[in-house]
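Colleague: As a plain string of letters, each chain reads:
2 protein chains.
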Amino acid sequence: MLEPKKKYGELAPSERILLGAGPSGVDPRVLRVMSTPLLGHLDPEFIEIMDDTGDLLRYVFQTENTMTLPMSGTGSAGMDTVLSNLLEPGDKAIVAFCGVFGERMIDIAQRTGAEVKVVSGDWGRIIEAEQIEAAFKEMPDAKLLAFVHAETSTGIMQPVDDIVRIAHEHGALVAMDCVTSLGGAPVWLDKWGIDAAYSGTQKCISCPPGLSPISMNARAQKALNSRKTAVPSWYLDLTMIERYWGKERFYHHTAPISMAYALREALRIIAEEGLEARWARHEKNAQAFTAGCKAMGLEPFAQEGYRLPSLITLKVPANVDDAAARKHLLQKFNIEISGGLGPVKGQIWRVGLMGSNSTSKNVFLALTALASALNAQGFKASASAALEAATAVYDA
Amino acid sequence: MLEPKKKYGELAPSERILLGAGPSGVDPRVLRVMSTPLLGHLDPEFIEIMDDTGDLLRYVFQTENTMTLPMSGTGSAGMDTVLSNLLEPGDKAIVAFCGVFGERMIDIAQRTGAEVKVVSGDWGRIIEAEQIEAAFKEMPDAKLLAFVHAETSTGIMQPVDDIVRIAHEHGALVAMDCVTSLGGAPVWLDKWGIDAAYSGTQKCISCPPGLSPISMNARAQKALNSRKTAVPSWYLDLTMIERYWGKERFYHHTAPISMAYALREALRIIAEEGLEARWARHEKNAQAFTAGCKAMGLEPFAQEGYRLPSLITLKVPANVDDAAARKHLLQKFNIEISGGLGPVKGQIWRVGLMGSNSTSKNVFLALTALASALNAQGFKASASAALEAATAVYDA
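Order-wise, the sequence lines are chains A and B.
Position 267 (the first sequence) corresponds to 268 in my numbering; numbering is contiguous.
Position 39 (the second sequence) corresponds to 40 in my numbering; numbering is contiguous.
Be careful, since some hints might not be right.
If several chains are the same, the list does not tell them apart, and a pair holds so long as it fits within one copy or across any two.
Only pairs whose alpha carbons sit at most 30 Å apart, straight line, appear in this in silico DSSO-like list of lysine-lysine [stated by the list, open to error]: (1) K8 - K144; (2) K248 - K328; (3) K223 - K93; (4) K285 - K8; (5) K229 - K138; (6) K346 - K248; (7) K192 - K118; (8) K8 - K248; (9) K138 - K223; (10) K118 - K229.
Hints in this document: simulated from the structure, not taken from any laboratory.
In this text the structure is predicted, and so the values were computed from the model without any measurement.
Extracted from the complex, chain A is given alone in its bound form (with noise of 0.2 Å):
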């Protein structure tokens, strides 16, 4: 018999602030609803559970897709499921990429068996429609394009109009990843014509990770429906999940029950708050924050004009160092920011005002916070200057 290798503690972390690129913290009522004793993923009060967490969901997508419900896995699970479930060998897709997560959708899309053509812009900045109507010019029968609205890696926010425009004068179907900005910034996905979509459910919509909302539209579905393979994956074949989630109630997998209480009550949070409300908070909380940052000396990353109000990027400065600053946030203030990824690690910050953690308290606490470790590295940073530019900010 092998014996466990030594005694576990009672769980008991540290209490982090959670002002990353997630996942980010949640509201307390969320916690809460975990401790609820679980139903079976077949009891009639399950499945109204699912039917209320699909209708708040495609408020918060502002959708009417039927189709539209949580993958039962974190927000990459949504990713790989809408393009394994659209693509097959044969295919031709566009995938627009600036960032990791454009990088990421170019991987899955190629592991289909579909010809891909990449369209690349440069990191911290957005794709140019030009660049998609040149894309579609040298690949006019993609059956799909594949973008990024909340680039998590850059912190841009992609201008979706135009090329949504594009794609469908060309009858592609149009696949977006909104999971930072999902209930944090405006998605319309029915206004927006967007054909398909993922998220996950910890970034702005403060809950914690482990389930992928999705929406698809009858165009989507179409397509699906109309594969000549299977899905590769069964765990994620839309074909087999949407007989559970529609009125057949087809056993598939066992629904994450805890997990779905969660989401419920996250979502619920936001019906109370009010997506416009929400998304203006996001907005006013990260003005503050960026205006507190510039006036301590931080630089923007991301194309102005392009931000996310949910996932604000700076430059590391010259002279500092990115993992001792972070360090330094974690050690003496708790708080948690991400550093860059790939080709822009060590050279940006990501600071996460998200859902719950979208707050004015956060904004200040995390001005202080910033400057204190760039003064401890010798970069001059006036934490009075930074609360002074954000206050103004809130009083105008």
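Knowing the structure of chain A, use the given hints to seat chain B on it.
Modeller: Positioned in the frame of chain A, the structure of chain B alone reads:
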């Protein structure tokens, strides 16, 4: 603006006693830790939680396999992971099938592009070693033998030794489904020579559904690393996931933090009780329940000598309506038991006594409730005879 359809009320589900095929009831300690505020998925404290969880999973699987981790999905995600990581086009596999979960394995194995040979058995009976021997005669170059240790759809516990020996004599890897046995019945990964296994958290581990513990030995890892093609699902690609769980801590996807808290706590509870004591408890309660059922005139469905201690299957008596009886249990007693799937739909009941739900209290309660449901339909079942027979098992 699309508005929410209605006011969604506070979550207040009925207090069910989950004695079905899963999810099972969860220890209050496990429910409680899920309310713990989140750590980030790369936080040093979360890394420690991952390390603890890996250690404790190795204990529960009775293995020293380095690659032992919870996949971020439910039990079926584990099945999909193991098969789609070990098989690719050009490979050959033998899959043993005598229930829904064996059937699912066939579906998944076929999606990988591998040639699949099916060994069929009767529902409610084991697969005989001779059948496996015969299959390897016809497909001597099979790369993998996949079988279900604990068939949740029939209540059968498959003997392991002979079929593993046969597979290894032919140089094949062995993949085992132990979703319904892990933590409730003897599972000896290393002693049995199992090369890859997967399970779920929502059965005998008594943790909510949402994670799928898997384990692979060096032989299986070697096969994984010798693939010619990419794993079709990015989300389930172990070549990437092992880099997050391994020393490298390379970011793959955001781990489901709250579920990781829950799993660690559920595993701690198992370590405190001790695996062998836990197996004995499941065995004793299953015997008592089965004795009680027989005493009131119910007949076990699964083959004698090969019955799971965690899931007891019973034949629905002639002239008794399956659905009406289960409705009676749910409405009068708040008890969930499961009906049959596929060819035994309407013909069997599946009663789970799993993890923290495997107690003498639940045995007595389930017997009383079953007697009530049967009597309501005119089937004369003596609750007192049942309770007496169960008591005799405990007193022996």
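Colleague: Indicate, hint by hint, whether the structure satisfies it.
Modeller: Here's how the hints hold up against the structure:
In this assembly of identical chains, the alpha carbons of K8 and K144 never lie at most 30 Å apart, being 55 Å within a copy and 39 Å across copies at closest. Proximity of K248 to K328 under the C-alpha cut-off of 30 Å is restricted to the inter-copy arrangement: shortest distance 20 Å between copies versus 50 Å within a copy. For the homomeric pair K223 and K93, the shortest alpha-carbon distance inside one copy (17 Å) is at most 30 Å, but the shortest distance between copies (33 Å) is not. In the homo-oligomer, the alpha carbons of K285 and K8 lie at most 30 Å apart only across protomers (27 Å), although the nearest pairing inside one protomer, at 48 Å, exceeds that limit.
For a Cα distance limit of 30 Å, the shortest separation of K229 from K138 inside one copy, 26 Å, qualifies, whereas the shortest one across copies, 34 Å, does not. For the homomeric pair K346 and K248, the shortest alpha-carbon distance between copies (19 Å) is at most 30 Å, but the shortest distance inside one copy (47 Å) is not. Taking the shortest Cα distances, K192 and K118 sit within 30 Å of each other inside one copy (27 Å), while across copies they are farther apart (50 Å). Taking the shortest Cα distances, K8 and K248 sit within 30 Å of each other only across copies (22 Å), while inside one copy they are farther apart (48 Å).
Taking identical chains as interchangeable, the C-alpha atoms of K138 and K223 lie at most 30 Å apart only when both belong to the same chain, with a minimum of 25 Å there against 44 Å between chains. Within a single copy, K118 and K229 get their C-alpha atoms as close as 22 Å, and across copies as close as 23 Å, so both meet the 30 Å cut-off.
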